[in-house]
Amino acid sequence: MEVIRLIKASETAIVASIYADTNEVMKMIIAKNLGL
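Residue 33 is where the sequence shown starts when you use my numbering, and the numbers rise one by one after that.
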């Protein structure tokens with residue numbers, strides 16, 4: 033059970049970091065499109 037919990041936690045962390053990276057990229061693209 034503990035191993036499954038650890039895997040789930042690491043998956044969540046990976047997804048969260050990917051989402052954060054994507055969010056930063058989107059902000060940069062939006063800023064470029066606005067000419068900032």
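Worth flagging that the hints you see were computed from the coordinates, not collected in a lab. The structure displayed is predicted, hence computed values, not measured ones. Note that beta-carbon positions come from the ideal geometry of N, C-alpha and C, so glycine has one too. One should not assume that every hint holds.
Restraint-style ranges between C-beta atoms, simulated for each label pair [to be verified]:
#: 1; residue 1: 53; residue 2: 33; range: 28 to 36 Å
#: 2; residue 1: 39; residue 2: 64; range: 31 to 39 Å
#: 3; residue 1: 34; residue 2: 63; range: 37 to 45 Å
Here are the simulated lysine to any residue pairs, SDA-like style, with alpha carbons at most 25 Å apart [as the list claims (entries may be wrong)]:
#: 4; residue 1: 59; residue 2: 48
#: 5; residue 1: 64; residue 2: 51
#: 6; residue 1: 40; residue 2: 52
#: 7; residue 1: 59; residue 2: 49
#: 8; residue 1: 64; residue 2: 52
#: 9; residue 1: 64; residue 2: 40
These are the hints, each one checked on the structure:
Against the hinted window of 28 to 36 Å, the Cβ-Cβ separation of residue 53 and residue 33 comes to about 31 Å, which satisfies the hint. Distance hint check: the CB atoms of residue 39 and residue 64 are about 38 Å apart, consistent with the given range 31 to 39 Å. For the pair residue 34 and residue 63, the beta carbons lie near 43 Å from each other, so the given range of 37 to 45 Å is met. Taking the CA atoms of residue 59 and residue 48, the gap is near 16 Å; set against the 25 Å cutoff, the hint holds.
Among the hinted pairs, residue 64 with residue 51 is consistent with the structure: their alpha-carbon atoms are about 20 Å apart, no more than 25 Å. Distance hint between residue 40 and residue 52 is fulfilled; the C-alpha atoms sit about 18 Å from each other, no more than 25 Å. Annotation: proposed proximity of residue 59 to residue 49 holds, straight-line Cα distance about 15 Å (limit 25 Å). Between residue 64 and residue 52, the direct Cα distance comes to roughly 19 Å. Compliance with the 25 Å bound is thereby established for this hinted pair.
A C-alpha spacing of about 36 Å is found between residue 64 and residue 40, which places the hinted pair above 25 Å, so the restraint is violated.
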